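Peer 1: What follows is the residue order along each chain.
There are 2 protein chains.
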Amino acid sequence: MPSPADAAPLRDAARLSLNQITTDRVSTPAMLDACARHDIRCVAIWRHKIAETGLETMVRLVRDAGVRVSSVCRGGMFPAASRAEREQRIDDNRRAIDAAAALGAPVLVLVCGAAPDRDIAGARGAVEHGIERIVPHAAECGVTLGIEPLHPAFAAERSCITTLREARLLAEKFDAGTVGVIADVYHIWWDADVHAEIARCAGRLAGFHVSDWLVPATNVLMNRGMMGDGVIELRRLRASVERAGWGGPIEVEIFNDKVWDTPLDRLLPLMKERFLACV
Amino acid sequence: MPSPADAAPLRDAARLSLNQITTDRVSTPAMLDACARHDIRCVAIWRHKIAETGLETMVRLVRDAGVRVSSVCRGGMFPAASRAEREQRIDDNRRAIDAAAALGAPVLVLVCGAAPDRDIAGARGAVEHGIERIVPHAAECGVTLGIEPLHPAFAAERSCITTLREARLLAEKFDAGTVGVIADVYHIWWDADVHAEIARCAGRLAGFHVSDWLVPATNVLMNRGMMGDGVIELRRLRASVERAGWGGPIEVEIFNDKVWDTPLDRLLPLMKERFLACV
Chain A
1 MPSPADAAPL RDAARLSLNQ ITTDRVSTPA MLDACARHDI RCVAIWRHKI
51 AETGLETMVR LVRDAGVRVS SVCRGGMFPA ASRAEREQRI DDNRRAIDAA
101 AALGAPVLVL VCGAAPDRDI AGARGAVEHG IERIVPHAAE CGVTLGIEPL
151 HPAFAAERSC ITTLREARLL AEKFDAGTVG VIADVYHIWW DADVHAEIAR
201 CAGRLAGFHV SDWLVPATNV LMNRGMMGDG VIELRRLRAS VERAGWGGPI
251 EVEIFNDKVW DTPLDRLLPL MKERFLACV
Chain B
280 MPSPADAAPL RDAARLSLNQ ITTDRVSTPA MLDACARHDI RCVAIWRHKI
330 AETGLETMVR LVRDAGVRVS SVCRGGMFPA ASRAEREQRI DDNRRAIDAA
380 AALGAPVLVL VCGAAPDRDI AGARGAVEHG IERIVPHAAE CGVTLGIEPL
430 HPAFAAERSC ITTLREARLL AEKFDAGTVG VIADVYHIWW DADVHAEIAR
480 CAGRLAGFHV SDWLVPATNV LMNRGMMGDG VIELRRLRAS VERAGWGGPI
530 EVEIFNDKVW DTPLDRLLPL MKERFLACV
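Going down the list, the protein sequences come from chains A and B.
245 is the number that our numbering gives to position 245 of the first sequence; each next residue is one higher, with no gaps.
Every position in the second sequence, counted from 1, becomes a number in our numbering once 279 is added.
Only chain A is shown next, with the shape it has when bound in the complex:
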């Protein structure tokens, strides 16, 4: 069932981008073959999949498949206990930027990282400092860094950046062409200010990700569902990001064991159907 809507339904699935985590249990070639069978022309690529194939092979696979790459997931993870670790992460982010550039991806998604201790304000400082360090390389490579605020349930383990507002205020410290924000409905739907805040992100949006929030929630990492199976007002959120100027790809990004166990020839048609019916 569609949410209470104030955007017109999408006419086709041309803007759908398959975020590779949604098909995490299959290889990249198998994922790309399924995209070809189901006419999906845009994907987001994860770095652990690049590590499996090697970057050159991944570039060739994607080129041969004729798909666009909407983003690479993920950079970030800046805070660390020691200076050496922090430097290692800066280097790793530069390699992630290189991978995005090689794949023709306009965006590297940043999952910023959590405090290594109790000092969440300190971690936020480390994130800002880390982004500052990688911005020149991103600008040189023509890759936009997309700061993705994660749901506050991940504040202790994955991201000290927890709201769209916080991500935007951080992004605004840098050039709009190089640092933007990612609006992922799973992470931001609960926010009483979400629609107003999306409006304030005009000119800074670097991505829009969809899934759904299932009820009841137990394990928050794996609680995402197929669009329409949960409580998020997806169409209303799409209306807001479009009013804020986002006309780019809409990534379907689902961490969910049942989704991961569904054969792609069942999963991808369902995903397209729900994309049109609910987003």
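Just so you know, the hints here were simulated from the structure itself, not pulled from any lab data.
Remember, predicted model here, so these are calculated numbers, not experimental data.
It is possible that some hints are incorrect.
Claimed, not checked - Beta-carbon label-pair distances, calculated as ranges:
#1 A/K173 with B/D377: 49 to 55 angstroms
#2 B/P415 with A/P216: 30 to 36 angstroms
#3 A/R25 with B/A400: 34 to 40 angstroms
#4 A/A176 with B/A293: 51 to 57 angstroms
#5 A/D12 with B/E366: 45 to 51 angstroms
Said to hold, decoys possible - Reference listing, derived: stretches of chain A covered by chain B, where coverage requires no fewer than 3 residues with Cβ under 8 angstroms from a Cβ of chain B:
#6 145-158
#7 189-203
#8 209-221
#9 260-273
Said to hold, decoys possible - Over the 10 angstroms line for every Cβ pair with chain B, so calculated as not near, a few chain A residues:
#10 A14
#11 P29
#12 S82
#13 R124
#14 E132
#15 R133
#16 A139
#17 G142
#18 A244
#19 F255
We put the beta carbon where it would ideally sit given N, CA and C, even for glycine.
Knowing the structure of chain A, use the given hints to seat chain B on it.
Peer 2: Chain B alone, transformed into the frame defined by chain A:
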């Protein structure tokens, strides 16, 4: 280990209030006996425990034990699918106010409720309307309604009110003597604005609850830990609520199976020790 601190340690546990959910697996008389043995003089009482004993018996038990009641948990749960259900919940909230008054509790904690559908903005409206309906009875009984924002992980199932800011803006629509906000560290610690927002709550604080956020988090409902076992900067948050004028009880409220399985003669001394060391 204490958090990075900018408040002096508490000299004694006089302000500690045992929130009854922390001892959920024992009866009220057993809880009160343990409080007497361990010199805990203030408790928060849950309504399912009142339902077990009956209100008159609970009033007598608490009076005979000579403890103060810092709050009754909980009213709220205003949004519902039908008008009849919403009315039933208003009535139930009035009974909860009566229970708080009978127990001499200055505060009824409100867990506001979630949308019965996808319309979270509608649910927020229902919460405001519900509070409006019960405010006259609360004022008449001298009971303050404490709006408790819950962690956004509970937005779909327990509370559409998810941040201290949202709770404060809602409370400010009513008289400060009748509607306040509850700052529970577990629900608000992740918020980049938490200290500034606590300052804005000056004159509206109706309670301060402590526990800890354990890592890794799986089931968010049961992920609370004993103070000091997780990542929350408890002492810094206490400093903020004290700067905002809160000098009242500090409730220890822990939903956690291991805590619930710990015999009270081990649990309560540990709780007092951690209260002094970490809060």
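Peer 1: Failing hints, ascending?
Peer 2: The structure breaks hints 9, 13; every other hint is satisfied.
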